[in-house]
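In case you want the letters, here they are:
Protein chains: 4
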Amino acid sequence: MSLLNEIKVLRDPVHGYIHIHDKIIWDCMNAPEFQRLRRIHQLGTTHQVYHTAEHSRFAHSLGVYEIVRRLITENEEISNALTDYEKMTVMVAALLHDIGHGPFSHSFEQISSYSHEDYTCNIILRDSKIHDILYAEDPDLPNDVANVIRHTHPNPLLVQMVSSQLDADRMDYLLRDAYFTGTSYGEYDLERVLRTVRVRDHRMVVKESGIHTIEDYIMARYHMYWQVYYHPVGRSYEAILHGLFERLRDVYEEDPEDVSHLMMFLPLLQHQMLTNRELLELDECSCQYGFQLMSKCKDTILRDLSDRALNRRLFDYDTIVSVEQEYSYKQWISSMGYDPEYYMYVDRTEARPYEPYKGQEENEILVLMRDGTVKRLSEASVIVNAILNGQNKNEKKVFYPKELNE
Amino acid sequence: MSLLNEIKVLRDPVHGYIHIHDKIIWDCMNAPEFQRLRRIHQLGTTHQVYHTAEHSRFAHSLGVYEIVRRLITENEEISNALTDYEKMTVMVAALLHDIGHGPFSHSFEQISSYSHEDYTCNIILRDSKIHDILYAEDPDLPNDVANVIRHTHPNPLLVQMVSSQLDADRMDYLLRDAYFTGTSYGEYDLERVLRTVRVRDHRMVVKESGIHTIEDYIMARYHMYWQVYYHPVGRSYEAILHGLFERLRDVYEEDPEDVSHLMMFLPLLQHQMLTNRELLELDECSCQYGFQLMSKCKDTILRDLSDRALNRRLFDYDTIVSVEQEYSYKQWISSMGYDPEYYMYVDRTEARPYEPYKGQEENEILVLMRDGTVKRLSEASVIVNAILNGQNKNEKKVFYPKELNE
Amino acid sequence: MSLLNEIKVLRDPVHGYIHIHDKIIWDCMNAPEFQRLRRIHQLGTTHQVYHTAEHSRFAHSLGVYEIVRRLITENEEISNALTDYEKMTVMVAALLHDIGHGPFSHSFEQISSYSHEDYTCNIILRDSKIHDILYAEDPDLPNDVANVIRHTHPNPLLVQMVSSQLDADRMDYLLRDAYFTGTSYGEYDLERVLRTVRVRDHRMVVKESGIHTIEDYIMARYHMYWQVYYHPVGRSYEAILHGLFERLRDVYEEDPEDVSHLMMFLPLLQHQMLTNRELLELDECSCQYGFQLMSKCKDTILRDLSDRALNRRLFDYDTIVSVEQEYSYKQWISSMGYDPEYYMYVDRTEARPYEPYKGQEENEILVLMRDGTVKRLSEASVIVNAILNGQNKNEKKVFYPKELNE
Amino acid sequence: MSLLNEIKVLRDPVHGYIHIHDKIIWDCMNAPEFQRLRRIHQLGTTHQVYHTAEHSRFAHSLGVYEIVRRLITENEEISNALTDYEKMTVMVAALLHDIGHGPFSHSFEQISSYSHEDYTCNIILRDSKIHDILYAEDPDLPNDVANVIRHTHPNPLLVQMVSSQLDADRMDYLLRDAYFTGTSYGEYDLERVLRTVRVRDHRMVVKESGIHTIEDYIMARYHMYWQVYYHPVGRSYEAILHGLFERLRDVYEEDPEDVSHLMMFLPLLQHQMLTNRELLELDECSCQYGFQLMSKCKDTILRDLSDRALNRRLFDYDTIVSVEQEYSYKQWISSMGYDPEYYMYVDRTEARPYEPYKGQEENEILVLMRDGTVKRLSEASVIVNAILNGQNKNEKKVFYPKELNE
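Sequence order for the protein chains is A, B, C and D.
Position 95 of the first sequence, counted from 1, bears residue number 94 in numbering that gives the first Met the number 0, the numbering being contiguous throughout.
Position 186 of the second sequence, counted from 1, bears residue number 185 in numbering that gives the first Met the number 0, the numbering being contiguous throughout.
Position 204 of the third sequence, counted from 1, bears residue number 203 in numbering that gives the first Met the number 0, the numbering being contiguous throughout.
Position 187 of the fourth sequence, counted from 1, bears residue number 186 in numbering that gives the first Met the number 0, the numbering being contiguous throughout.
Please note that the accuracy of each hint is not assured.
All copies of an identical chain are treated as equivalent in the list; a pair is satisfied when it fits inside any one copy or across any two copies.
To be verified - Computed list of lysine-lysine pairs in PhoX-like fashion (alpha-carbon distance at most 20 Å, straight line): (1) K392 with K329; (2) K297 with K395; (3) K206 with K7; (4) K396 with K297; (5) K7 with K22.
Hints are computed from structural coordinates only; laboratory data are not their basis.
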């Protein structure tokens, strides 16, 4: 792996600086597929609530890379546990892990048949500038990087660093989203986490003395979910996008001519997997311009919904508890002259932050006790244990046009 | 002026919260012309250097409004010096002061015959949702707000708060740009500035005890210019945009069909003032999509330059000192097969941060001395005086395609 | 209540500024009994662990005052619920609530028969500059302020603001201790707490929308306990002070001449309540000087323990679980030639952070639900509920001289 | 140099963590002479103005050490320029550079015939735990460390890192004093300074690209002087201490019995250099206790001045410009019944922040230009040049008892 003549350092408010020593990282960063991430917001629709949450997946991806870089150079046990080739593999995987994201991630995945991970692997494995860079370095590298991302790499340590309950992805986004929203909920002591990680049996474990830091990290995540990621105003914007894309698909079936000039959306409407080239051209800028075009279509629903998206005319919401309630909202919306297919959206926010710690043991964060044994976090932490055995918080909300309330 | 039922508070990392009490502010904020500012970066091309500088003019405009709101409610002398109508006028002017900005501000102004202030006043004075909101409040309001923005309002205090050497605009952008770039250069003590402002003779003055805070503010500005605003990488991106728009105009003259589908740029190419509707549709998203379209034009220069803009293939630069040097660069670039018209850009960064304090006295920040007299800052501050009488720093750079150096 | 000619503002990193409008607050602040708090560390022995935790109860007391001042002026419901006299009462109580603290609080209370609250009320009620200031303002004021502090004031709202599960005392110390230790554990969103407080039935309640902020505040407290307040190194220093004061008392009984020159400790050794004058002279400076004198006494144990205190020769510790273990440590220490009376210390850290929410209902934080009803926090928050019903964390540690391990 | 079994890390809000790898650093830190620094405020009397500026020289000394440690390990050119023995020497010198400070530094030096540097070298060179630790490591080490401190070490690089216009001492105290006062004036980009330092001809130089960071650092220092270090309230407290020590000396001459019990001050009154043991016992705690004892002396001036010191009854001040004015203040104070010898203090604050850059060339910060030449900062920076050639700010204040104004 060749080094740059001079280390590149990029100022970053979350990490101080991002340090780039390796040519392959620099080249990947400058590839069109990576530069495109500048045109995808990290938090999809959240900047409609927290107006300063305008940061992109570009910045986040650099942050994830930086955390992995620090883990493999500053943490002695991780550094010793990996070969140079594995180090390169995991740094590249960290940098590229989000490269397949579509615009407004959630909404995009709802209308696409493929996940962003499918697209990420596709870009890494074939037909892209990124692929060429990796392949030129080592013909095995594209596949090895993709294996880290799809959890099939033989060394679980690499997978864990990029995607697990305690991975560089979360470590970066909690701090970054906290910084850019201006809330303090996502803050925890990253320095201490990096210092208390150890390796046992090819897995990351956390020293017992670091348990409180991990508890703090988990609570940070919990609060970010409820205060930021699940914020009803952000979800309301997603509800509009959801209706809009539903309607777009239906108009494309019924009156294709009315939408045939929306070039950026056509590949998506044909329902198959986008090519890397097509995905490259589909970013939030092209969507926003698409919404402008849509707002002049013949179809009145499409015109209305795209105008709402452009100018933030949001939906209202109520909390509901039963299927009966859901049904009566449907009746009411319909009776007011709105088609619930596009103008009603039910959102379930089911306590996801706990979930991972239930279920499969292999997902658990592991703790290295003072006596050398390894315990599951839920055993080692009274707080996590209490939360796991407590009642789940979950909420169901129905969204509908604000004017129905007036 | 009617109040909202409940104060709206928006989380903002720079100010803690933005507080909105008045319905007219809330309504302006939700107008399409203001929502469009979400799609214009505050720092044009700077996020190409400081990757987290992705904040928009939307957030900045709210910040300017908040500072003015605090000045007129928390600073006793300012509060007493203004009528309720004037307070509304200046708050609205602060909120709307940037509403006429085009995409990538500098580049836009270079190819447009009109300034962003012309457009701002146009939106306020006619044919827009914003205009309707102001007019409904008071038929004089549009004109009074525009007068604040074009420096023709009879009360200089209003003008000064929005646009002067010590205005809410700068007070916000220094802190905001520092926060989002992650540099500390732009920081100064805003709280203290707000507390040390007084009113004498319809002008803002600063108490003598606040001089060090003002010196710190001026140095903050100076350092932000050199470390952020004049950063050669950001200028390099502007150089590309400049060449691109030059070429676009020329192709439009020579082979209009090749660019006739670039709908978003057509009004601009016709060289007259854009209508409010046309400006509304011209944001950085439509530009970015336009660059995608351009990268498939027939014209090879347009294709090349738009690809550079999309994928950050930047120009290199050298510092030059003489017209002769400039000329020989032109020869060299031309001899290498590049048309200097589009592939060479000369940027003069002439110590602008000092300038204002020279020249006209009415532009000076005034200081209220302990003995009750009012002095110009350059007399009252040994630091500012030294800087004014010191040698000016200015630099001239020539930008050209990186590959010429390889 | 007379106002100052000019508001006094004191820079404070936690609150930005402390604002003092009222002459009585300014006068109390300048009284010798309050100035003495500069010579008492806020965190007793914690700066032996976190070397920057050198802040005093003086700074903390100003912070508690500032939070109460903001609550009664910025929070509309609290402002409306109180008379002017009650506002003055609660501000003064907030400022003075810690005035009776002895040096190294815990250790002091262990050897004194009276609590710091007893001393605080004593200073307020008689024979002090503070008393004179309050009495001159209103002859009832000393008694009313003391009633707030000893929880006997008829208006529970005043008591709650100064001392409850969600009081200005904790609100300040969590943020302040986090700032001065340099940890982030104690951070939570104070602004939001202040904004979501309401008054129902003469009690502070928190709006349902603020629950996550309160959960964050409770977790902040929990983490500060384990990471800072219960830190074994800090406790180790307390163990030494405990042995030292025990020994001092015993030498005073057995060989009074050896300690008769330790003027600062004599009143304490006579076992009765200190007079206000005696307490005024007993601060951490006089203790430290006392330790210097002690290190030259005849008694070898006193000399050794005071030298440990002065030069941070700390005790080691082990975690123990049973009374049997405790007993065998005692045997061991004794067999090594150390008297366990002074050289062994058992510290129980029993999950105090949960406790308050168990037990008496009147101690619970109350939540104002969207439907207008009031619930206990443990019912309204799944997190707090889970923690309450989870297993308690508690630890028992035994401390002994480090050299026993060598 | 032996390493610790496990790196010690100390949380520090300014640097994140202080890292200690070497046993000798850990041992020095735990020596009584170093632990004593916990009982000396970093900013002498400034916490009387900025109430949170309660940090000690202990914390600052660790910070200076940490900066030097980072310079010699993270900065490649500095690392390559030094032998391992030199690295140890400069780290130890950084840690110990303030070890000879007396209580309330300025006031102490005014009444002592020796500087804190004399005392520092004395502790390092003989008769102390610190000396023993250094000597045991290498018999030359005490002398080599002292040579760094007294500017006589043959390698100027070592001297510069600890004491020069751009040394670790200033780098730490600006950030630390800013943090603990809660002002932002002292902030500058430490990371960038550490990264832009190079070595030429055994001297530290700064890369041209780092000039703005250095300008910011110099302005930070300038503003800290005027806003913090020269703050008249802090000086007022020093005026009282000055009078108090003057009076103490005179009473000792005239009526020695009245002060013979002030054991902590006796060595000082005998006018010779204190022994290391005597200095060890003279800290701000013993002074504060001494003030308590003094407030019960027979001498009324001593009683009055010590009561002022204990209870912050400050002096007032006026700005004066001429010797005549100074004389008439003296007359007035005397005529009011106060002895100007103890109750009048004239303080000259002569623009010290500029000074160093004038005068001797060897004191200048040097800049490594892009073309490889080395320039003096005053030539390379238009700002520093302007300041150097500008008019000096200097002020003279006279302090006297507040009651004279009533």
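Okay, the hints, checked on the actual structure:
When the C-alpha separation of K392 and K329 is checked against a cutoff of 20 Å, the pair qualifies neither within a copy, at 25 Å, nor between copies, at 49 Å. In the homo-oligomer, the alpha carbons of K297 and K395 never lie at most 20 Å apart, since the shortest distance is 34 Å inside one protomer and 53 Å across protomers. Taking the shortest alpha-carbon separations for K206 and K7, only the inter-copy value of 16 Å comes in at or below 20 Å, while the best intra-copy value is 33 Å. For the identical chains of this complex, K396 and K297 are neighbours neither inside a copy (31 Å) nor across copies (51 Å), given an alpha-carbon limit of 20 Å.
Proximity of K7 to K22 under the C-alpha cut-off of 20 Å is restricted to the intra-copy arrangement: shortest distance 10 Å within a copy versus 35 Å between copies.
In the structure shown, a violation is registered for the earlier hints numbered 1, 2, 4, in ascending order.
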